Each structure stands twice: as C-alpha cells, then as structure tokens.
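*Asks:* Chain by chain, the residues:
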Amino acid sequence: MLKRLLAATMGAALLWSASAMAAADMGQFRGKTITYIVSTSPGGGYDTYGRLIAKYLQKYLTGSRVVVRNVPGAGHIVGANTIYAAKPDGLTIGMFNTGLIYDQLIKRQGVLFDLAKFSWIGKAADDTRVLMVSKSAPYKTIGDILKVKTPIKFAAAGVGSAAYNDARILADALHLNVQIVPGFTGNEGEMSMLRNEVVAEVGTAESMEQFVKQGHGFFALALSGNPNALPGVPRARDYVKDERGKRLLTLIETLSEIGRLTAGPPGMPAGVLAAEREALDAAMKDPALIAEAKKLDLDLDPASGALVEARIKAALNQPPETVAALKSAAGG
Amino acid sequence: MHLDVAFSTLFDLLTTPRLLFLMVIAVPMGVFFGSTPGLGGKLGLVLLIPFVYNMDQLTGAVFLCAMHAVVHTGGSIPSILIGVPGDGPAAATALDGFAMTRKGQAGRALGASFGASTVGGLLGAMFLGLSLPILEPIILNFSPAEFFLLAILGITFIATLSGDSFIKGMIVGLFGLMCAFIGLDPSTGSPRFTFGQIWLWDGLSVIVAVLSMFAVPEMISLGVRGRSEDVSAQTASRLQGTAAVEETVSRKVSYAQIFHGLWDVTQHKWLVLRCSLLVAAIGVIPGLGGDAAAWMAYGHTVQSSKHPERFGKGEVAGVIGAETGSCAKEAGSLLPTLFFGVPGSSGMAIMLGAFLMLGIQPGPTMLTDHINIVWSLIWALVIANIICVIMLIATGPWIGRLGSVKASFLIPYVLVFALLGCYLYGGNWQNLILVMVVGSLGYLFKRHDWPRAPFIIGVILGKIAEDSLQKAIAIFGAGFFLRPISLILIALILASIGFYMWRARRPKIVPSHA
Amino acid sequence: MLEGRLLVSGIMLVVFAAAVGLSFTYAPEARFLPLVIGIPGLLLSAIQFVAELRDRHPAPVVTREEHHREGRMFAWFLGFVGALVLFGFLYAGPALVAAYLYFSGREKWYVALAGAAFAWTVLYGVFDWFLGLPLFDGLVFQYVFG
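Protein chains in written order, with my numbering: chain D, 1 to 332; chain X, 1 to 514; chain H, 1 to 146.
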C-alpha cells in the first residue's frame, strides 16, 4: 500500500516537473491569428466539432484569435493536404477524417501527406462505428444477418470514402453475404431504409443515434469503441474467425478511437506544439465546452496528441496482406 | 386536423412582441444572405446558430425558420436588377427578370417576384399544413428510380427552354450534363474529366456554373456596351441582340410599377397554384433538391404558356413561375426534416442540427407531442414571407436604384463579389480559374445567341440523374422503371416530349416582343 | 477574325470530341452515361458546325471599335481573376475596384479611392470580421509568408 502511494506521489511529481519543464508558453500567440482548417463544407459533424474546438482553443491560447476556415474537397484529402503543406508555426492547424489512413495505405491518388509526420495536437471523440439495421427488416440480430442465403443490401457512402471502406471491410472481415449500394450521403441511407430498399448501413453511432431513438432501426453490431458506450450491442470482434479479419477490424478500431483529431503540419517547434497540446487538453476539460457539446449532442472522449501520434503510427504499420485486402475492399 | 392548435399558435406568435421583433430582424438577414452570391441560406444558418444558442426552443427555431424562409426572395433582387443570380434557383428568375429590367420594367419584375415568392411561400406552407396526414406515403414512395425519372423529366424541359434554336439548346444542355460528370464517378470512385486536378473531384458546383453563365457574361457585355454616349444604339444592338432599347429606357422603379407586378401575380393565379404545389411536392422528397425544383417550375411555366417564344425576353410569367417555385420548396423541405429527422435539403440538414441543439427532437412524435412547434414553424414561414414582402415593397424604389447604378461602378464590384462567392462556396482558389474558363465561354454563348439556361439545367440534373440511376439499378435491377409511380413519370416524360413536338409543328406565331 | 458563330460551335465540337475520346479511357460503368450524352452532343455540334459553315447569310458587321471594346473588357476580366488569385481578396479586391473606376470608368482619383475603401470595408468588415469567413490571401502572399 505504502509502496503504491509512494509510486503515485513520485509519478505525480514527475508529471508536474514534466509539465513545468515543457512550461508551455500559452501567451506566445498573443495578437496572432490561428487558422483552424475544417476539411468539410460548413454544416455537419466535422464543422460543428471544429468550430467548438476553435472557440475554446482561443480561450486557452491567451490573446490569440482562432478562425475556422472550411477547406472541403476530395473527401477531406484537400484539407489534410492544406494543413500538411502549411508553415509549421502553429498558426495553421485543423481537423480531418481519420479514415484518411485508408487513403494513405492504398496510396490513393491525390494524397500529398504522410500521416506519420503530422504534428498531432489531440483528439476529441471516439467515432464508434456500428452496423445499424432497419426495424422493418426481417433480421433481428447479427446472427440472422450472418446466416442469409441471398445477398442483402447495405447502404453506404460514395465509393472510396472512409464510411464506404468501413462497410467493405466489415463485409470482408465477417464474410457477410451483402451487396453494398454506394452513393448515399448524409441521411439518405436512412431514408432508403425507411423505404425498405436496403436493410442496413455502416456508420458512426453518433450520426445514427437519432434514427435509432425514433424507433426506425437498431444497432446490430459495434465495430469499435468503448464496450460500455453501447450496452447490449454485440461486438464485431467476437464474430471474426480468421487472422486477416482480425487485422482489418483492428484497423477500424484504431481509427475510430482517434476520431475528430486536431493536427498541425510536420516539424512544428516543440514549444509551439506543447502549448497547443496543452491548450486543447485544457479546452476539452472546460466545463463550458462540455456543456456546449452536450447541448449540440456531440460525444466527447478526448486524448492527448502523444497518444494520437502513437496510434496513427501503429495503424500505418500494416502488412502487405492488409493493404492488399484494403485495396480490394476499396473496390479498386 | 388540429385546428385549435393551428390557430392558437398563430395567435401566440402574433401577440408575442419578442417573437415578432426577432422575425423582423431575421428577415433582412435572410435577404442579405440570399442576395449575396455564394453566401446563401445554408451558410446563413451555420453563421447564425451561435446566436440562437441561448434562446429557448420556440424562439430559436422561429428565428432560424424566418431567416431561411426569405433567402430566395432576397436572391431575386440582384438577379432581376443586374442579371447576377446568386444560386441555381435565382438563375431561373434572372432569365426573364433581367430581360424585363432591360425593357424598363424593373419595378414590375420586382413586384411580380415579391408577390410570387410570398404567395409561393404561403401556398407552400399551407400545403405543408394540409398534407400532414398523407405525408408519409408520399415521401416513402419516391425512391432513386423516381428521382432518376424526375431528373429526366426536368431534362426534357431543355428543349422548351432552348429559345429559337433547338439544336443549339440541346448542345448546350448536353454540354451541361457532361460538365455534371466531372468528378468522382459514383460507381467506381475513380476520377473522371478531372485532368489530374484533385479540386475537380467534387465536380463543377452550381454556383460556379450560374455565376459563369450569367454574372460574368452580363458584366463583360455591360462593359463592352459601356458608356452610352460614345456608342450608338445601333452598334449596341448589333453587339447585344435585343438590348437595343436599353439605354434609352428609364430604369427608375416606382410604386406604381411594383404594384403592376403584384397585379400580374393575381393574373396568373392558376400558374402560381400549380407551381407551388409542384415544387412543394418535389421539395418534400428528400434527395432531389431545391435547385431542381425551381427549374422544373420554370420549365413548366414555359411549357404551359400560350407564348413560349416570349420567355427569356422579359415575360412576367417567367419571373412568377420561377419565384413561386424557389419559395414554395422551403416549406416542402421542412416536412421530412421535422417528421423523419431526415433533411430535405442541405440547408435543412443544418436546420436539423440546430433543432437538436435547441432540444427539439424531430421524429414521428412531432405530430403527437409537439404539434404546437410544428404549427409555430409553419406560421413563422408565413409571417416571415409577409414581413419580407412588406419590407421589400416599401423599400422597392430604393432597392431599384441598384439597377440604375452606372455600369462602371457596377462591373468591378460585381466581378469581385461574384468571384468571392465562388471562392467561399468551394473554399479553393482554383474555382476562380474555372470561372475564368466557363465565364469566357458563357460570354461567347451570350454574344452569339446561344441559350445559357440549358447549361444550368444540365449541371443540376446530370448529377442527380447519374447518381440515382446507379442506385436504382443496384436496388431494383434493370427493371427499375416498372414501378407504378415510375410508369406515371414515364408517361409524363413522353407527354412532355410529345407536347413539345406537337407545338413545334404548329405554324410559327410572329414573335410578339419585336 | 474567325467568324464568331463558327467559333462557338467549333469549341463545342472540340469539347465533345475530347470528352468522348476521354470517356473511352474510363471503366465501363464510368463511361456509360458520358457516352450516352457525349455522342449525341458530338453529332449535334457537328451538324451545327456544318450548318453554320454553309450559312450564306452575311454575318453581322462588327467594327474595329467594337472588337477593341470586347478585347479590353476581356482583358479586364482576366486581370480581375489573375489579380485575385495572385494577391487575394483583401488587397487585390479594393485595388481592382479603384483601377477599374479610374481607368475604365474615368472617374476622379478620389472617387476611385472612395470606391476602393468601400470595397475593403465590405470585404474585411462584413466577411472577415463580422461573419468570420477568412478570405483567400493570394498565391503570392501564401508563397512569401507560408
């Protein structure tokens, strides 16, 4: 007991000195304008998170002005390219979809960044991926779906998008007998479920929560995320049999764990990065931000930039088989 | 029906000074967002959401609805006065509205536009109220198969809108459709017609198309026509086709003109009714989009007119049809947002987020537990439209001065702000280069009497057509068009083509505008 | 100068030919609709081109003066795009307004300056400051200041 107490005290002391050493100078942005790039058009989840984070970063980076700039295009690739190419002075940072890991792994055309080299500032949420099944479909559990004889239809976002890749990977990992119908953006997939055209859709729990609350659908499977977040929903991991499937699922788990991340260009000076990391950490603990997020119906599950960096590097380290599987999943 | 709720909520709205005051503030904001190219209602909502953050449910929702309801009415002002539409639907208004301004009827066009958009907004809201009980089956019967056929129906209007030359109209329309295919192909996700440029992956936006085809050519030709003292009317007419009389007519807008325009609306009551219903019905179907709806209303107006040859040359019915269309759809798209939690347009998607933030939980329970909010929002649409028309008529003569600003003042501002709109919309500077290319082509079209409206229709409907065709085949197989509503739509398409051919064979009526 | 009418149908012909040609390089699903649209477009523009080639109606006479006016206006338009792309809205916007008012509008210099000030006020005040929409800085400034 005493030993543990001692260890804890020492740990705390170390932490304290570490943070004191970093001595992040939160005032270094006084009078400066920081551009927070959101890689989508105004409106929608990323924009809402981005604007919220920008507002509170401004509060903690004393004296700065943080403005949101929307840089949409090519499914977040343009935004990520823009952040990557910016001058690493901490005055240009921003947010994009973690699903860009897929694009980097399969070396998609247009990718001008290396995710391993970004300066990671932190993340705001767990983007738990789920399989949602329509209430009017004849399938009541994931077991029913695993057993189907003729292919059933899943709605998915546009070919090549992160959400589409998630669906393909799930189908691949679980050997589902499905036909994926792409091209559903926003809530169109849910509308299609209401019309009984498709039976299910893969997406984030957050975006589908409303539909489930209204009684139109249910979560049949959680692909990732904290097991306690969705009580009673079976976990995809328990249904994957082979090694290849497990590896693919790990990738989804990793990238949904580091959702709504904030990054800066490679090579940011240590003092600048430390200050921005600290500001984001402080912002995410701010009761006002938490209250605002609750009102906006945004989930929060923040983590530090160091953790994000480690996770991204691990996720990028995939064997050729996984990359090949991804390429075939992405539909060429 | 919940008549008691319907009237008590109206009474509450009208007797709560705070709500009325907020609506009076919201309306000019909506007009501002609508009349500035590239801003639009969607961005207006995003930027206003922080302001409603601390309001209570009803106040916040009424404020946002009132702002959003009048965006399109605002958009008609620059379309009519200077020929610079700010978005897809406004371009339909510009066709006849700006032509009227050149004939010295700016006031009449503004009056017709204000009147038609208000009546359209009112009828749309009434349609919203009356259709509550039958809403669900209507919405659920329209699948991608029907979207595809609706898009084809809209494309057949290209023939009607081709003006004097059918072939030229078809070429431009097909060119617009081709431009709609720029970007990632929906079935393989690979880039198409992008020339290795990643910013083209998302395609040619309607905003860029509209500003390039209308704003840029209008400004260039205004500059060429230039200072009227050193260019003879005859030279001007040779360069500009029909615009010969322009420099000699007064552009002053008077109340008399505005009321003349309002009177015109009453003279086209059946047209207004048909367009409102058509468009509210299209707006109610999530996934088709309001841009398409306004153009279909305009296409219907031309097709059903006894004098289709007058359109595009300053026919007041064209303004009325287009304006009724763009305003009636707002009411239509509010429905699915409220009852399914599934937004009917991209603007409504943001509205949905705002509703959730205010603690309004859209869904089927809206009809049972929160019917008062539903009716309050319907009335907010109605009242906002009325406030808007009163404000605009009152200030009409002053707004009208925009139309008589000296060309050399208008040109630099319009060019800078049109280019700004294109930049803000896509967030990339490369859009400016795109405007340069497409805008130059737009000027050549204008200069050599090629119709430009079919291009916009092609760009708007091409994406919808390809996207929904691909989904329809994936969902229903190749026989997707055998569904009952699909067959009705196919009959309508054939009727539309047949009607056009029958009319084309009739002896030509002498053009009346000459 | 090349007859204007022919110019437009010629451009359309070339564009459709190029688009149809490009379409054949895409996967079958991706080229289906572009071909369905492109081939009729190519045929129609060929018909129109030939029709205009054989059109014996005299083309409207365009004077030298008119050509000059058109050329000048086009140059202004290209100049507007170029300046905005290079120097951004906040700097090039007001400068273009002033330049146009002074040179093309032949306004007094103080009118041109007032016009520029108004443009700057709207660009900065309304868009950047009030609405919080950052405007494009221009390639030159991006290059110089990162």
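Since the hints were derived computationally from the structure, they do not count as laboratory data. Incorrect hints may appear among the rest.
Each computed DMTMM-like pair below joins lysine to aspartate or glutamate, with the alpha-carbon atoms no more than 20 Å apart [as the list claims (entries may be wrong)]:
| id | chain 1 | residue 1 | chain 2 | residue 2 |
| --- | --- | --- | --- | --- |
| 1 | X | 406 | H | 137 |
| 2 | D | 327 | H | 128 |
| 3 | D | 55 | D | 238 |
| 4 | D | 213 | X | 164 |
| 5 | D | 32 | H | 137 |
| 6 | X | 446 | H | 66 |
| 7 | D | 55 | H | 128 |
| 8 | D | 153 | D | 114 |
| 9 | X | 446 | H | 52 |
| 10 | D | 87 | H | 137 |
| 11 | D | 295 | X | 56 |
| 12 | X | 406 | H | 52 |
| 13 | D | 32 | H | 128 |
| 14 | D | 294 | X | 56 |
| 15 | D | 135 | X | 136 |
| 16 | D | 213 | X | 136 |
| 17 | X | 446 | H | 70 |
Which chain X residues face chain D? A few, computed with CB under 8 Å, are given here [stated by the list, open to error]:
| id | residue |
| --- | --- |
| 18 | 186 |
| 19 | 488 |
| 20 | 491 |
Keep in mind the model is a prediction, meaning the values are calculated, not measured. Glycine residues also receive a C-beta, built at the ideal position from the N, C-alpha and C atoms.
*Asks:* Between residue 406 of chain X and residue 137 of chain H, does the CA-CA distance stay at or below 20 Å?
*Replies:* violated (30 Å)
*Asks:* Could you grab the alpha-carbon distance between residue 32 of chain D and residue 137 of chain H and see if it respects the 20 Å cut-off?
*Replies:* holds (16 Å)
*Asks:* Is residue 87 of chain D close enough to residue 137 of chain H, meaning Cα to Cα at most 20 Å?
*Replies:* At roughly 14 Å apart (the allowed maximum being 20 Å), residue 137 of chain H and residue 87 of chain D satisfy the hint.
*Asks:* Please work out if residue 295 of chain D and residue 56 of chain X have their alpha carbons no farther apart than 20 Å.
*Replies:* With a Cα-Cα distance of about 12 Å, the restraint between residue 295 of chain D and residue 56 of chain X holds, given a limit of 20 Å.
*Asks:* Is residue 32 of chain D within 20 Å of residue 128 of chain H, Cα to Cα?
*Replies:* Holds - the C-alpha atoms of residue 128 of chain H and residue 32 of chain D are around 15 Å apart, at most 20 Å.
*Asks:* So, as I understand it, the hint says residue 186 of chain X touches chain D; can you test that by seeing if any CB pair is closer than 8 Å?
*Replies:* Residue 186 of chain X check passes; min Cβ-Cβ to chain D is 5 Å, inside 8 Å.
*Asks:* Can you verify the interface hint for residue 491 of chain X: is its Cβ closer than 8 Å to any Cβ in chain D?
*Replies:* Violated - the Cβ of residue 491 of chain X stays beyond 8 Å from chain D, reaching only about 22 Å at its closest.
*Asks:* Going straight from one Cα to the other, do residue 213 of chain D and residue 164 of chain X come out at no more than 20 Å?
*Replies:* violated (55 Å)
*Asks:* With a cut-off of 20 Å on the C-alpha distance, tell me whether residue 446 of chain X and residue 52 of chain H pass.
*Replies:* holds (17 Å)
*Asks:* Taking only the CA atoms, is the gap from residue 55 of chain D to residue 128 of chain H under or equal to 20 Å?
*Replies:* Holds, at about 16 Å.
*Asks:* Have a go at the residue 488 of chain X hint: is there a Cβ in chain D nearer than 8 Å to its own Cβ?
*Replies:* With Cβ-Cβ at 17 Å, over 8 Å, it is violated.
*Asks:* For the pair we were handed, residue 446 of chain X and residue 66 of chain H, check the Cα-Cα distance against 20 Å.
*Replies:* OK: residue 446 of chain X and residue 66 of chain H at ~16 Å, within 20 Å.
The structure fails hints 1, 2, 3, 4, 8, 12, 19 and 20 (numbered hints given earlier, in ascending order).
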